[in-house]
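Chemist: Listed below are the residues making up each chain.
Number of protein chains: 2
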Amino acid sequence: MITKQLVQHVLKTSLEDMPEDLVTHAKKSLLNWLGVTIGAIHHETTNILLKVTNDISSASHATILGRKEKSDILSAVLVNGTASHIFDFDDTHLDTIHHPSGPVAPVVFALGEKHQVDPKVLLRAFILGCEVELRISNSVYPAHYQNGFHITASAGVFGAATAAGIILDLNEEEMAMSLGLAGTQSFGLRETFGTMTKPFHPGKAAQNGLLATLLVKNGFTSSEQILEAKSGFLNVYSTKSKSEKILKDWGDVWEFNKNAFKPYACGIVLHPSIDACIALTEYATPLEVAEIELTVHPYVLELTGKENPITGLEGKFSIYYTCAVAFLDNDASEYQYQDEKVNNQEIIAFQKKIKPKTDENMAKDKVFAVLQTYSGKKHEVLIEHATGSLENPMTQKQINQKFKNLCNYLLDKNQMNNVIEKMMHFEELDSIEEILKQI
Amino acid sequence: MITKQLVQHVLKTSLEDMPEDLVTHAKKSLLNWLGVTIGAIHHETTNILLKVTNDISSASHATILGRKEKSDILSAVLVNGTASHIFDFDDTHLDTIHHPSGPVAPVVFALGEKHQVDPKVLLRAFILGCEVELRISNSVYPAHYQNGFHITASAGVFGAATAAGIILDLNEEEMAMSLGLAGTQSFGLRETFGTMTKPFHPGKAAQNGLLATLLVKNGFTSSEQILEAKSGFLNVYSTKSKSEKILKDWGDVWEFNKNAFKPYACGIVLHPSIDACIALTEYATPLEVAEIELTVHPYVLELTGKENPITGLEGKFSIYYTCAVAFLDNDASEYQYQDEKVNNQEIIAFQKKIKPKTDENMAKDKVFAVLQTYSGKKHEVLIEHATGSLENPMTQKQINQKFKNLCNYLLDKNQMNNVIEKMMHFEELDSIEEILKQI
Numbered sequence: 000m001i002t003k004q005l006v007q008h009v010l011k012t013s014l015e016d017m018p019e020d021l022v023t024h025a026k027k028s029l030l031n032w033l034g035v036t037i038g039a040i041h042h043e044t045t046n047i048l049l050k051v052t053n054d055i056s057s058a059s060h061a062t063i064l065g066r067k068e069k070s071d072i073l074s075a076v077l078v079n080g081t082a083s084h085i086f087d088f089d090d091t092h093l094d095t096i097h098h099p100s101g102p103v104a105p106v107v108f109a110l111g112e113k114h115q116v117d118p119k120v121l122l123r124a125f126i127l128g129c130e131v132e133l134r135i136s137n138s139v140y141p142a143h144y145q146n147g148f149h150i151t152a153s154a155g156v157f158g159a160a161t162a163a164g165i166i167l168d169l170n171e172e173e174m175a176m177s178l179g180l181a182g183t184q185s186f187g188l189r190e191t192f193g194t195m196t197k198p199f200h201p202g203k204a205a206q207n208g209l210l211a212t213l214l215v216k217n218g219f220t221s222s223e224q225i226l227e228a229k230s231g232f233l234n235v236y237s238t239k240s241k242s243e244k245i246l247k248d249w250g251d252v253w254e255f256n257k258n259a260f261k262p263y264a265c266g267i268v269l270h271p272s273i274d275a276c277i278a279l280t281e282y283a284t285p286l287e288v289a290e291i292e293l294t295v296h297p298y299v300l301e302l303t304g305k306e307n308p309i310t311g312l313e314g315k316f317s318i319y320y321t322c323a324v325a326f327l328d329n330d331a332s333e334y335q336y337q338d339e340k341v342n343n344q345e346i347i348a349f350q351k352k353i354k355p356k357t358d359e360n361m362a363k364d365k366v367f368a369v370l371q372t373y374s375g376k377k378h379e380v381l382i383e384h385a386t387g388s389l390e391n392p393m394t395q396k397q398i399n400q401k402f403k404n405l406c407n408y409l410l411d412k413n414q415m416n417n418v419i420e421k422m423m424h425f426e427e428l429d430s431i432e433e434i435l436k437q438i
Numbered sequence: 000m001i002t003k004q005l006v007q008h009v010l011k012t013s014l015e016d017m018p019e020d021l022v023t024h025a026k027k028s029l030l031n032w033l034g035v036t037i038g039a040i041h042h043e044t045t046n047i048l049l050k051v052t053n054d055i056s057s058a059s060h061a062t063i064l065g066r067k068e069k070s071d072i073l074s075a076v077l078v079n080g081t082a083s084h085i086f087d088f089d090d091t092h093l094d095t096i097h098h099p100s101g102p103v104a105p106v107v108f109a110l111g112e113k114h115q116v117d118p119k120v121l122l123r124a125f126i127l128g129c130e131v132e133l134r135i136s137n138s139v140y141p142a143h144y145q146n147g148f149h150i151t152a153s154a155g156v157f158g159a160a161t162a163a164g165i166i167l168d169l170n171e172e173e174m175a176m177s178l179g180l181a182g183t184q185s186f187g188l189r190e191t192f193g194t195m196t197k198p199f200h201p202g203k204a205a206q207n208g209l210l211a212t213l214l215v216k217n218g219f220t221s222s223e224q225i226l227e228a229k230s231g232f233l234n235v236y237s238t239k240s241k242s243e244k245i246l247k248d249w250g251d252v253w254e255f256n257k258n259a260f261k262p263y264a265c266g267i268v269l270h271p272s273i274d275a276c277i278a279l280t281e282y283a284t285p286l287e288v289a290e291i292e293l294t295v296h297p298y299v300l301e302l303t304g305k306e307n308p309i310t311g312l313e314g315k316f317s318i319y320y321t322c323a324v325a326f327l328d329n330d331a332s333e334y335q336y337q338d339e340k341v342n343n344q345e346i347i348a349f350q351k352k353i354k355p356k357t358d359e360n361m362a363k364d365k366v367f368a369v370l371q372t373y374s375g376k377k378h379e380v381l382i383e384h385a386t387g388s389l390e391n392p393m394t395q396k397q398i399n400q401k402f403k404n405l406c407n408y409l410l411d412k413n414q415m416n417n418v419i420e421k422m423m424h425f426e427e428l429d430s431i432e433e434i435l436k437q438i
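Here the protein sequences come in this chain order: A and B. Letter 241 of the first sequence, counting from 1, is numbered 240 in numbering that gives the first Met the number 0, and no numbers are missing. Letter 386 of the second sequence, counting from 1, is numbered 385 in numbering that gives the first Met the number 0, and no numbers are missing.
Bear in mind the hints are in silico, worked out from the structure with no lab data behind them. Note that the structure is a prediction, hence the values are computed from the model and not measured. Misleading hints may appear alongside valid ones.
Claimed, not checked - In the DMTMM-like style, the derived pairs of lysine to aspartate or glutamate whose C-alpha atoms are separated by at most 20 angstroms in a straight line are: (1) A:Lys216 - B:Glu43; (2) B:Lys50 - A:Asp168; (3) B:Lys356 - B:Glu306; (4) B:Lys69 - A:Asp54; (5) B:Lys216 - A:Asp168; (6) A:Lys216 - B:Glu306; (7) A:Lys113 - B:Glu426.
Claimed, not checked - Residues of chain A placed beyond 12 angstroms of chain B at every Cβ, according to the derived structure: (8) Asp54; (9) Thr91; (10) Leu93; (11) Lys113; (12) Met176; (13) Glu190; (14) Lys197; (15) Asn217; (16) Ala228; (17) Leu246; (18) Lys340; (19) Gly375; (20) Glu383; (21) Asn407; (22) Gln414; (23) Ile438.
Cβ atoms here follow ideal geometry from the backbone N, Cα and C, with glycine treated the same way.
Work out the full structure, taking the sequences as your base and the hints as a guide.
Modeler: Take a look at the structure:
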């Protein structure tokens with residue numbers, strides 16, 4: 000009965016039932032998602048996808064976000080959903096390493112545009128879609144993920160179908176069948192990580208979930224108990240599932256509120272060191288710096304010990320480059336990880352001043368940094384919780400700045416400020432056209 | 000290295016390397032597939048799919064087989080692949096319960112039509128696509144199937160990608176990555192059986208596999224070791240896999256040659272009884288029959304003991320109806336399982352003469368039938384291997400007749416004979432247009 004009960008919970012939960020902090024968090028998530036999507040919308044991965052989908056269909060129902068073209072809705076969610084995960088810079092539910100917005104937000108944008116849906120409905124659909132996929136992820140994590148499934152895709156199909164179901168106004172039976180048809184399309188192997196297929200996963204999950212809902216809306220039938228059935232999702236896709244987690248504390252505890260944003264475009268393990276270097280800029284100019292010593296857990300250096308990175312991707316795995324550029328630029332956004340930037344002589348020179356030191360007693364998410372100047376002065380910074388952690392979440396201002404860093408190659412200041420303003424008042428808009436016409 | 004080796008085997012195998020019986024069998028499989036597809040192309044399940052895909056795309060690259068409309072290739076393979084499995088009357092690799100043509104043939108037809116591909120290339124692609132998916136099925140069956148996966152879809156994605164890869168002339172690296180991108184999209188839960196989602200599976204497998212190949216052909220990247228990798232298909236999708244089965248006796252033993260065709264549109268368990276009743280028509284007219292006693296294994300009656308079926312679907316689970324109509328019509332095709340037919344008074348009256356009797360010592364695939372006439376005569380028939388079993392395969396004539404039974408609602412005699420003639424000379428055609436213009 001879990002699938003049916005979950006559907007009942009979803010259908011009875013209105014936007015008014017949701018706490019204000021959740022609604023605000025959801026709008027930040029949408030803004031963050033839109034930024035990472037627009038940021039990668041001209042990436043090679045996106046270009047290949049668009050070449051293929053444009054050959055398939057010439058419909059113009061939904062915008063490819065940040066491009067002057069539209070596509071059919073199934074192609075649009077595939078392309079936008081993929082773009083959002085290319086930089087690996089999207090949101091993360093830290094308990095399950097699930098990136099919740101990826102499979103859900105593209106559906107909200109595509110259906111919202113095609114059917115001119117009230118943004119209040121869209122926001123409710125977005126929040127409930129993310130909540131459903133995260134609760135399902137909770138029920139199969141960690142066995143499911145450890146076994147090799149990319150949980151953002153495999154559980155994401157349920158989020159996409161839930162959001163689409165709310166927007167297309169499915170009844171209880173239809174919604175259960177839509178989860179059935181989405182669930183049977185669950186997929187995604189971690190073996191493909193490191194290739195273009197990784198970002199393809201949330202896009203395809205969005206597409207599979209949306210297709211499920213479109214079909215059921217038109218009379219297609221499927222199982223109404225896909226989660227709990229003997230040959231259903233929980234039993235087949237996980238060796239150890241805890242089905243009770245799916246409905247637990249519904250309405251009191253919101254999993255989607257545990258969603259975190261990355262301030263920096265590299266692995267989370269370097270974020271405390273970046274915070275420290277940015278904090279240290281208060282005490283010295285680059286020319287005054289003799290060295291910056293960073294005491295970190297050995298694990299940090301294991302993952303990021305690359306001394307002479309040549310490509311942007313290698314830069315993400317170099318504490319030397321990352322800390323140097325963070326001090327010089329006050330940021331470590333996608334811009335800082337361009338190949339060109341990594342080969343900048345000024346930054347390469349500064350990298351020699353970065354001196355990591357390991358200490359087993361240091362927590363993995365902590366760093367102690369000491370800056371020494373040529374004139375013999377010392378300045379210390381201790382970072383206990385990096386920006387973007389649940390204990391120290393990104394501020395609205397930081398999220399806005401991240402959006403601008405990602406989009407300024409394409410949008411002017413006015414456009415970016417308008418988008419931010421409208422995204423943060425999403426439920427008050429007349430339609431999402433107000434946002435789309437800015438990008 | 001299995002993925003790479005499999006690709007190497009595939010790429011080096013030409014049509015000339017294949018034994019003649021395999022090539023003939025492949026053409027029968029294509030004909031059988033085309034019949035079941037055209038037969039269900041106006042079914043409600045197909046209509047819903049087409050309503051949704053037509054709203055998505057207006058491209059006209061590939062024919063919806065048996066309809067006067069075309070679609071884009073991704074939609075066409077979804078629709079045609081689904082239609083082929085609606086009657087559950089398609090081919091079956093009995094060792095793995097995999098229906099091989101379903102995910103592969105639609106790709107062959109769609110790409111063949113769009114790109115005007117030489118039918119020789121198409122036939123090679125079809126055979127190798129089926130061979131690859133069946134060998135992968137062998138390597139994970141039975142654990143994978145018992146665990147809940149619909150193997151026709153979950154392994155079928157590989158068959159679709161292989162066929163598409165040959166048609167689009169991928170090189171070794173691309174073909175391996177195409178299997179990677181297809182394999183990460185493996186899906187299909189048996190929980191959805193009994194709904195429209197079951198036939199959706201081979202259609203969606205065709206679509207996922209084709210999309211993978213189209214993307215890789217245009218530069219998309221993926222894993223080149225999707226089968227054997229730690230987080231790859233064999234480890235994640237099966238608790239017990241035998242990877243050595245994938246390459247075993249390549250070129251000497253053809254799994255696709257072990258593919259069987261169903262002569263009757265119901266569960267295989269009733270096929271011996273149908274054979275027996277048709278054989279008995281030689282000895283008496285319906286009016287002369289007092290009763291037909293059928294001795295079967297108890298399992299047969301357990302599955303098909305429904306005494307008064309009302310719908311066509313229920314008729315498939317009634318030995319009484321099925322044997323009555325088989326005697327009266329000399330057939331048990333999809334036509335015999337229409338709701339109207341099941342409620343025909345003449346047949347209902349004859350059902351009372353069907354007397355099943357169980358015997359634990361009877362083999363499950365055997366039947367002993369005794370016809371008694373009102374005049375006191377007795378006639379006996381023993382069926383040891385039903386028509387369509389590997390020991391007693393359907394003849395070319397029977398396959399042709401099955402095609403006609405399925406298509407005569409739509410095509411005239413001339414058209415049907417032309418299609419059969421051309422399908423059985425597939426590799427000699429100039430293009431598949433020769434077939435398409437007949438339907």
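Chemist: Next step is simple, just say for each hint if it's right about the structure.
Modeler: Going through the hints against the structure:
For a cut-off of 20 angstroms, the pair hint linking Lys216 (chain A) to Glu43 (chain B) stands: about 14 angstroms separates their Cα positions. Taking the CA atoms of Lys50 (chain B) and Asp168 (chain A), the gap is near 18 angstroms; set against the 20 angstroms cutoff, the hint holds. With a CA separation close to 14 angstroms, the supplied pair Lys356 (chain B) and Glu306 (chain B) stays within the 20 angstroms bound. For the given pair, Lys69 (chain B) sits about 15 angstroms from Asp54 (chain A) by alpha-carbon distance, which is consistent with the 20 angstroms threshold.
Taking the CA atoms of Lys216 (chain B) and Asp168 (chain A), the gap is near 39 angstroms; set against the 20 angstroms cutoff, the hint is violated. Between Lys216 (chain A) and Glu306 (chain B) the alpha-carbon distance is near 36 angstroms, which puts this suggested pair outside the 20 angstroms criterion. Between Lys113 (chain A) and Glu426 (chain B) the CA atoms are separated by roughly 45 angstroms; this puts the pair beyond 20 angstroms, and the hint is violated. With a least beta-carbon separation of about 8 angstroms from chain B, Asp54 (chain A) fails to lie farther than 12 angstroms from that chain, contradicting its non-interface assignment.
For Thr91 (chain A), the non-interface assignment is confirmed: its Cβ lies about 19 angstroms from the closest Cβ of chain B, beyond the 12 angstroms cut-off. No beta-carbon of chain B comes within 12 angstroms of the beta-carbon of Leu93 (chain A); the shortest separation is about 21 angstroms. In this structure Lys113 (chain A) is not separated from chain B by more than 12 angstroms, as the shortest Cβ-Cβ distance comes to only about 10 angstroms. Some Cβ of chain B comes within 12 angstroms of the Cβ of Met176 (chain A); the nearest lies about 8 angstroms off, and the non-interface call is violated.
A beta-carbon of chain B comes within 12 angstroms of the beta-carbon of Glu190 (chain A); the shortest separation is about 4 angstroms. The claim that Lys197 (chain A) lies off the interface is violated: its Cβ sits roughly 9 angstroms from the closest Cβ of chain B, which falls inside the 12 angstroms cut-off. A beta-carbon of chain B is positioned within 12 angstroms of the beta-carbon of Asn217 (chain A); the least distance is around 5 angstroms. Some Cβ of chain B comes within 12 angstroms of the Cβ of Ala228 (chain A); the nearest lies about 4 angstroms off, and the non-interface call is violated.
Every CB of chain B lies more than 12 angstroms from the CB of Leu246 (chain A), the least distance being 19 angstroms, so the non-interface label holds. The Cβ of Lys340 (chain A) sits about 23 angstroms from the closest Cβ of chain B, beyond the 12 angstroms cut-off, so the non-interface label holds. Interface exclusion of Gly375 (chain A) from chain B stands, the closest Cβ pair being 51 angstroms apart, more than 12 angstroms. The Cβ of Glu383 (chain A) lies farther than 12 angstroms from every Cβ of chain B, with a closest approach of about 34 angstroms, so its non-interface assignment holds.
For Asn407 (chain A), the requirement that its beta carbon stay farther than 12 angstroms from each beta carbon of chain B is met, with the minimum near 28 angstroms. The beta carbon of Gln414 (chain A) is kept farther than 12 angstroms from every beta carbon of chain B, the shortest such distance being approximately 30 angstroms. Its beta-carbon lying about 23 angstroms from the closest one in chain B, Ile438 (chain A) satisfies the requirement of being farther than 12 angstroms from that chain.
Checked against the numbered hints given earlier, this structure breaks hints 5, 6, 7, 8, 11, 12, 13, 14, 15 and 16; the rest are met.
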